[in-house]
Amino acid sequence: MPEGSAIERNDTGYPIYLDYQATTPTDPRVVEAMLPYFTERFGNPHSRNHRYGWEAEDAVETARAQVASIIGADPKEVIFTSGATESNNLALKGVAHFHRDKKRHIVTVVTEHKCVLDSCRYLEEEGFRVTYLPVQQNGLLDLDQLRAAIEDDTVIVSVMAVNNEIGVIQPLAEIGKICRERGTYFHTDAAQAVGKIPLDVNAMNIDLLSISGHKIYGPKGIGALYVRRKPRVRLQPLITGGGQERGLRSGTLPTPLCVGLGEACAIAEREMAGEAARLEALRARFYEQITARLPEVYLNGDTTHRIPGNLNLSFAYVEGEGLMMGIKGLSVSSGSACTSASLEPSYVLRALGVEEEMAHTSLRIGLGRYTTEAEVDAAVEQIAANVSKLRAMSPLWEMVQEGVDLRSIQWAAH
Amino acid sequence: MMAYLDHNATSPLRPAARDAMIAALAECGNPSSPHAAGRAARARVEAARRTLALAFDCALDSVIFTSGGTEANNLAVRGTGAATVLVSAVEHDSVREAERRAEVIPVDGNGIVDLEWLEARLARGGVGLVSVMLANNETGVIQPIADVVRLAHAEGALVHTDATQAAGRIPLSFESLDVELMTVSAHKLGGPPGVGALLVQEGFPLRPLLRGGRQEDGRRAGTENVPAIAGFAAAVEAALATADGTRALRDGLEARLLASAPGARILGALVDRLPNTTCIAMPGVAAETQVMALDLAGIAVSAGAACSSGKVRTSPVLAAMGVDAELARSAIRISLGWNSTADDVGRCAEAWWALWARTRGRKTVQAA
Amino acid sequence: MAYSDKVVDHYENPRNVGTLDKNSGDVGTGLVGAPACGDVMKLQIKVGAGGLIEDAKFKTFGCGSAIASSSLATEWIKGKTLDEAASIRNTEIAQHLSLPPVKIHCSVLAEDAIKAAVADYRAKQPKTSQAAE
Numbered sequence: 001m002p003e004g005s006a007i008e009r010n011d012t013g014y015p016i017y018l019d020y021q022a023t024t025p026t027d028p029r030v031v032e033a034m035l036p037y038f039t040e041r042f043g044n045p046h047s048r049n050h051r052y053g054w055e056a057e058d059a060v061e062t063a064r065a066q067v068a069s070i071i072g073a074d075p076k077e078v079i080f081t082s083g084a085t086e087s088n089n090l091a092l093k094g095v096a097h098f099h100r101d102k103k104r105h106i107v108t109v110v111t112e113h114k115c116v117l118d119s120c121r122y123l124e125e126e127g128f129r130v131t132y133l134p135v136q137q138n139g140l141l142d143l144d145q146l147r148a149a150i151e152d153d154t155v156i157v158s159v160m161a162v163n164n165e166i167g168v169i170q171p172l173a174e175i176g177k178i179c180r181e182r183g184t185y186f187h188t189d190a191a192q193a194v195g196k197i198p199l200d201v202n203a204m205n206i207d208l209l210s211i212s213g214h215k216i217y218g219p220k221g222i223g224a225l226y227v228r229r230k231p232r233v234r235l236q237p238l239i240t241g242g243g244q245e246r247g248l249r250s251g252t253l254p255t256p257l258c259v260g261l262g263e264a265c266a267i268a269e270r271e272m273a274g275e276a277a278r279l280e281a282l283r284a285r286f287y288e289q290i291t292a293r294l295p296e297v298y299l300n301g302d303t304t305h306r307i308p309g310n311l312n313l314s315f316a317y318v319e320g321e322g323l324m325m326g327i328k329g330l331s332v333s334s335g336s337a338c339t340s341a342s343l344e345p346s347y348v349l350r351a352l353g354v355e356e357e358m359a360h361t362s363l364r365i366g367l368g369r370y371t372t373e374a375e376v377d378a379a380v381e382q383i384a385a386n387v388s389k390l391r392a393m394s395p396l397w398e399m400v401q402e403g404v405d406l407r408s409i410q411w412a413a414h
Numbered sequence: 415m416m417a418y419l420d421h422n423a424t425s426p427l428r429p430a431a432r433d434a435m436i437a438a439l440a441e442c443g444n445p446s447s448p449h450a451a452g453r454a455a456r457a458r459v460e461a462a463r464r465t466l467a468l469a470f471d472c473a474l475d476s477v478i479f480t481s482g483g484t485e486a487n488n489l490a491v492r493g494t495g496a497a498t499v500l501v502s503a504v505e506h507d508s509v510r511e512a513e514r515r516a517e518v519i520p521v522d523g524n525g526i527v528d529l530e531w532l533e534a535r536l537a538r539g540g541v542g543l544v545s546v547m548l549a550n551n552e553t554g555v556i557q558p559i560a561d562v563v564r565l566a567h568a569e570g571a572l573v574h575t576d577a578t579q580a581a582g583r584i585p586l587s588f589e590s591l592d593v594e595l596m597t598v599s600a601h602k603l604g605g606p607p608g609v610g611a612l613l614v615q616e617g618f619p620l621r622p623l624l625r626g627g628r629q630e631d632g633r634r635a636g637t638e639n640v641p642a643i644a645g646f647a648a649a650v651e652a653a654l655a656t657a658d659g660t661r662a663l664r665d666g667l668e669a670r671l672l673a674s675a676p677g678a679r680i681l682g683a684l685v686d687r688l689p690n691t692t693c694i695a696m697p698g699v700a701a702e703t704q705v706m707a708l709d710l711a712g713i714a715v716s717a718g719a720a721c722s723s724g725k726v727r728t729s730p731v732l733a734a735m736g737v738d739a740e741l742a743r744s745a746i747r748i749s750l751g752w753n754s755t756a757d758d759v760g761r762c763a764e765a766w767w768a769l770w771a772r773t774r775g776r777k778t779v780q781a782a
Numbered sequence: 783m784a785y786s787d788k789v790v791d792h793y794e795n796p797r798n799v800g801t802l803d804k805n806s807g808d809v810g811t812g813l814v815g816a817p818a819c820g821d822v823m824k825l826q827i828k829v830g831a832g833g834l835i836e837d838a839k840f841k842t843f844g845c846g847s848a849i850a851s852s853s854l855a856t857e858w859i860k861g862k863t864l865d866e867a868a869s870i871r872n873t874e875i876a877q878h879l880s881l882p883p884v885k886i887h888c889s890v891l892a893e894d895a896i897k898a899a900v901a902d903y904r905a906k907q908p909k910t911s912q913a914a915e
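Residue numbers (the working numbering), protein chains in the order written: chain A, 1 to 414; chain B, 415 to 782; chain C, 783 to 915.
Simulated from the structure, these hints should not be mistaken for lab results. Small disclaimer: the values here were computed from a predicted structure and weren't measured. Cβ atoms here follow ideal geometry from the backbone N, Cα and C, with glycine treated the same way. One should not assume that every hint holds.
Heads up, incomplete: computed chain A residues facing chain B, CB under 7 angstroms, no partners named [said to hold, decoys possible]: (1) Y122; (2) G241; (3) S331.
Calculated Cβ distances over 12 angstroms to all of chain A for the following chain C residues [claimed, not checked]: (4) S806; (5) A816; (6) Q907.
Work out the full structure: start from the sequences and follow the hints.
Set out below in structure tokens:
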């Protein structure tokens, strides 16, 4: 925690925060960078008439360069949006709509974020064909299946860089190479990847890339879309009227939020390597302790192609929501934050072939910039104690201990 | 010390909004997460929704938070599914360009929509949506929304009003206006940029612009911008709580400007306007020249709307009002706000008069 | 999800967790729900000579509301006749625990578990004693 900042992270007795894939706290250094642009430097960056506007414009352009830098892009290729959801909507609908007369097919993956899947479903309603590729048991895409799925009129392939639930990293460079060879655009939702793993849009042949502010210790309400200029990616805007962001995204740019996203990218770029090593050690500590304390704990998703801050674990025979109620001292997620309001088990885990009963027992543990060893130890303690307590009152655990094969039971349809 | 008189472009953040945002920024939580941190974030969003519902006199479910006025306008114009849309000739680009096939309702010399034209067009049938702004960003002219609503509803058409410039500056009741959709924006009323809201009548079937997530009742996907939403609500509260002194300041300014520069003209002066906006023309002096001169004197004003291009163009708003192109090119916009002072206004009047005197002097010399 | 105080109380201090000998003649066992749905309840009753439920035990795999519903059910059925127990309605459980609409299925499951345990007990009894009851 940097010293001397005007904003201290609050210490209100909140639970230990282990949900860094849902959202991250805004880094105090980011808040510091943003504050002047909320108050004394509040100009509209599009006001070309006075210095308030010029100052804001300068700040926005500096931020744009910082965002570009972390993905190896040119600043001119970065447009600001209201967040990754908008970026993903714009990338898919924008490209599809622009090319609708000639190309009518889209390839994506079943484990994508809801906003990619929903955009694809919307395009299907409009008459586009969409291929939803399955994933392997480790959550990774099969490249041969990708090759086979691309058709002559495939306009875009959209594959997320890092999955929000299981943290697995897709083989971006290989996907980019295939897409370039086949002459289709490659879009990647990198909301969970930026600042966690090195990204280079040129080396990876990425044509469009979505960025989120609040997943990388930046502010909420801001994101970016990288749009390649050479060869140029053409797309139709989603929000029009004003012509900002090269006509691709209208609306007054929120200068402080742009500055915050830029600063978050700059910090992430500087500190990525050190942070990754630290989180990897914390994650190993967590995993080793929890598996030493509890039998029948299963890791979902690939063990190595994975960002260091994510663990997705199934605690067999203990229902996730019931467990969440017990671990009151922890903020973790059972399934994705967007779907946990519903009772269906995670569609991502189901896509991995995780059985429904195991999917119901999963927790996502997200470690991040402010996670400490003490927090990890306390979390392990709380989870282990509660899992043990709930297993003691689980009829399934009892049956398994008695040697009953749960599959042999005729469960009532319910 | 700069005198900032460009509040219609953006307004500085109110201290109450700043405090609310800093409190929210110090916390971490995704409002969709069911744990305590997520619930705290959700509570901030819902408290803000209550504030807006009270302030603008609408139901809680009517408030959809967006990334700003532009997104809200796009959502309103495209979200109804109306095949035929009518928009006024003085709308902001985010309304006009949201539906390129929209038919344009002309305005009169004061910038007021032509109600006879509207009635005749509605009578021909097929109109799904009418979008007329509450108050104009360049002139501050307030539209007769009640008449627009009466005519539109009589023919079964919906009404959207862009209240971006009006919200926080004049009292607004969504219920009394009886429109189906209304846009409000935070940063014009002293809230943060990057957040706005579309108010919709309860149960109104709106097609979302951004998909993928159940936020805002499935009508606007994307993680809620919690600190900005909290700042928005605090700014709205502050705007309603504090008596607005801008009308007296503005009227005083206009009197001084008109007295100091014979031939100066205030556009839209004959009709109801926002209490903070002056659109004034100094004949014979380009708007750019006036803006630069005022900037050098430490006063920030604008030559027309701040949008993307930066290029000098004749204002479409003034053109639609039938203002002579020469006169339009000499019009600047002075817009006051919550922190404007008598000193700001006085310095503005002096600097403007000084420029007028200088140009007169030069012309005199040239003529000699 | 905000839970009612009563749900929290039952979750933190569940009544009657445990197991009765399912092979015993005076024990009825109900096992309802399915792991794939995220809820499984096992509810057992021990019936005394007078036909009253002497003891009840449960084990539940599920959310806090499911655990609370089954815990409450065991509390309510103790000392009741089989008919009285079987007449407990899910709405009474849901109302008592202030369950939100999305959790009503937990109370349904508890009602089903009671009925299943009663049915299991009755099936075990010789025809005559059942008739005498």
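If you take the shortest Cβ to Cβ gap from S331 (chain A) to chain B, is it below 7 angstroms? Holds, about 4 angstroms.
Is the claim that S806 (chain C) lies outside the interface with chain A correct, judged by CB distances over 12 angstroms? holds, 16 angstroms
Please settle this one: A816 (chain C) was flagged as non-interface, so is its CB more than 12 angstroms from every CB on chain A? Violated, because the least Cβ-Cβ distance between A816 (chain C) and chain A comes to about 4 angstroms, which does not exceed 12 angstroms.
Cβ separation check - Q907 (chain C) to all of chain A, threshold 12 angstroms: holds, 23 angstroms
Does the closest beta carbon of chain B sit nearer than 7 angstroms to the beta carbon of G241 (chain A)? G241 (chain A) check passes; min Cβ-Cβ to chain B is 3 angstroms, inside 7 angstroms.
Hint check: 7 angstroms Cβ-Cβ cutoff, Y122 (chain A) to chain B: holds, 6 angstroms
The structure is inconsistent with hint 5 alone, although it conforms to all the rest.
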